[in-house]
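**Student:** Mind docking chain H on chain S? Use the hints.
Same order as they appear, the protein sequences are chains S and H.
Note that our numbering has the first sequence beginning at 40, numbered continuously upward.
Note that our numbering has the second sequence beginning at 434, numbered continuously upward.
Keep in mind that the hints were calculated from the coordinates and are not lab data.
Honestly, I wouldn't trust all of these hints.
As the list claims (entries may be wrong) - To give an idea of the chain S side of the interface with chain H (calculated C-beta under 10 Å), a few residues:
id	residue
1	Leu-185
2	Ile-324
3	Ile-361
Fair warning: this is a prediction, and the values are worked out from it, not measured in the lab.
Don't be surprised by glycine CBs; every beta carbon is placed ideally from N, CA and C.
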Amino acid sequence: MTAAPDHAPTITGLSTWQRMQRHLPLLLVPLLVVVGYLAIPATSSWLTLTVSGLAMGMMIFIMASGLTLVFGLMDVINFGHGAFISVGAFVGVSILLALGSLTGAPSLALNIAAVLVAVAGAMAATAVMGWIFERVIVKPVYGAHLKQILVTMGGLIIVEQLILIVWGPDEIFFSRPEMLKGAITFAGAAIEKYRLLAVGFGLVLFLAMIWVLRSTKIGLIVRAGVQNGEMVEALGYRLRIVFVAVFIAGSALAGLGGVMWALYQEVITAHMGQEMMVLVFIVVIIGGLGSVEGCFIGALLVGLLQNYVGFIEPKVALISNIGLLVLILMWRPQGMLPVVKAK
Amino acid sequence: MLTRLISGDRPRSIVLTIILLAILIGLALAPFLFPGIRSLETAARICIFIVLVASYDLMLGYGGIVSFAHTMFFGMGAYGVALASVHMGRGFDALIVGTLAGAVAAAVLALLIGLFSLRVRAIFFAMITLAVASAVAVLVSQLSSLTGGEDGLNYQIPRALTPAFKFADGRLFDVSLNGKLLNYYLVFFSALILFLLLLRIVNSPFGRVLQAIRENDFRAEAIGYRVVYYRTAATCISAAVAAIAGSLFAIWLRYVGPDTTLSFEIMIDILLMVVIGGMGTMYGAVIGAAVFIIAQNYLQELMAVAASATAKVPVLPLFFDPDRWLLWLGVLFVLSVYFFPTGIVGRLRQGR
Chain S
40 MTAAPDHAPT ITGLSTWQRM QRHLPLLLVP LLVVVGYLAI PATSSWLTLT VSGLAMGMMI
100 FIMASGLTLV FGLMDVINFG HGAFISVGAF VGVSILLALG SLTGAPSLAL NIAAVLVAVA
160 GAMAATAVMG WIFERVIVKP VYGAHLKQIL VTMGGLIIVE QLILIVWGPD EIFFSRPEML
220 KGAITFAGAA IEKYRLLAVG FGLVLFLAMI WVLRSTKIGL IVRAGVQNGE MVEALGYRLR
280 IVFVAVFIAG SALAGLGGVM WALYQEVITA HMGQEMMVLV FIVVIIGGLG SVEGCFIGAL
340 LVGLLQNYVG FIEPKVALIS NIGLLVLILM WRPQGMLPVV KAK
Chain H
434 MLTRLISGDR PRSIVLTIIL LAILIGLALA PFLFPGIRSL ETAARICIFI VLVASYDLML
494 GYGGIVSFAH TMFFGMGAYG VALASVHMGR GFDALIVGTL AGAVAAAVLA LLIGLFSLRV
554 RAIFFAMITL AVASAVAVLV SQLSSLTGGE DGLNYQIPRA LTPAFKFADG RLFDVSLNGK
614 LLNYYLVFFS ALILFLLLLR IVNSPFGRVL QAIRENDFRA EAIGYRVVYY RTAATCISAA
674 VAAIAGSLFA IWLRYVGPDT TLSFEIMIDI LLMVVIGGMG TMYGAVIGAA VFIIAQNYLQ
734 ELMAVAASAT AKVPVLPLFF DPDRWLLWLG VLFVLSVYFF PTGIVGRLRQ GR
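Next up, chain S with everything else stripped away, as it sits in the complex (with noise of 0.2 Å):
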């Protein structure tokens, strides 16, 4: 009989290098910054350039971070979600129509009162939009990944030709705020008071998001449902109801950044909605399906990238994001951060 052969386990933690990889794409904003910083000339139209990224990018954010969650927790996709963006828009532009007493008064704290109603009106409109869509259109093809894609863009599309129906076939032009017109010149860059509020506004929200999920219960059960939700439901949460909760929130984030998009481009269409959903699905996947910190990354990569090769070449813009997808899916085909899942 031969003795064993020797056994001496090492145990050997990772690598400072092995563990900061992980986290490696929390550089690349601000190396795209950077680059950006060296490729256009002038400093003064890289600083607007790059405000008005980072304010894209935060409104892709709010639009995209409802999709990624809902489909991390329960891997359902839904190519609907851009219609609560149109929907969101376009009941939040009524109402800022409607109080054109408001808007139209040269006071800040007015102005920001109408945003804020029309924001709220938005976000409670498509709310319930989304709990509808959720029990009408989704909930009956619950596993199985092809009908929800085809049941989703149906879904879509009877909600576009619905707008056209209630708000008529022309887009919408109309003005921000009185307050919110406008630039201020910092360091020889005219810089759009609105975006300014809206990347703060992101950045709040952001950091809201990522308290609530960090920090509180709720929070801890998305966060361990979306990891491994047959664990959670074992230990006695009932996590349909935590997901419908969360389409519900998914779908009012979108209407809210419609409504941000549309105070943006003062001038809302019915195709809104599908037309951001192409830069919402390539920040989602470029962030990793499930992770909201990709999300982010993600929707300022995007959001920069089309500012900056916007004002260089304007035709490859539109292939920039394309060229983004297919860079970072290179380096890491599940998205940048994508999120580990229990088998």
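**Tutor:** Chain H in isolation, oriented as in the chain S frame:
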């Protein structure tokens, strides 16, 4: 012989057989049975869309992959013919070069998209194709120096395919024997061959593996089939056939533009035809395309009638406005995915 021609894939339902035969005969003799420009246009459109929808069904119904870029591939074929005809002058060589170039380009692009998305998750494919297709559509309308932008391209096809060319004197059953007739039969026989080819593909061992992957990709992988390889191959074949359908469309119309070849509405039409006809069977594409295109021609008229009939009721006419036909198609689409996932063909086969 006949069974061999349809690759042993019989319709398996008497009613279905009769409908298919009716469609085949109707299309084969369309210029003689239904004289008139409009009905010939409809017949050619049906032929082309049968191929387009059948190629989409290879992906969706057999491979279980959802793509939103099928119109992009369709458009690549169409623009291939258009660009070749513009730059090489009128002639059959331009048509052949354009068709081949379009098909190869579509297959290569499909390969790239497939490799990028399918190796991770099949669901990525749907999203990435949506993104790529919309980028290409915008690009085509922007690069107006090359593609004619929103206006599209007009070009000349060989004289032998135009109404001005008469290949025989006199008329046959009151139909003048001109190039338009030749053009129609070019479209018809190309469509027929392509359809039989697709039927051959889905009934080959390759097609069986695709079906296995659709039913359970994990298990197919475990048995030893490389799922990514099969899915990507299906995507490429499908894209190439769609591009050839696009080329036929370009030859038939003598015009390409973003609206007629690349628009998202066509993508929705294709989805509807596949679902209505029946996913996962090539015959579904035939029935879906024929029913849908005929219905589409008359749905808007029907809606106009409904709108005027309900004119006195408030709100309701808005829903029946002919511009809102997409609403009803959307409702129809969702309902058919829920309640008739096997489509018309599935129903007919059940009722056997």
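**Student:** Check each numbered hint from earlier against the structure, then list the numbers of those it violates in ascending order.
**Tutor:** none
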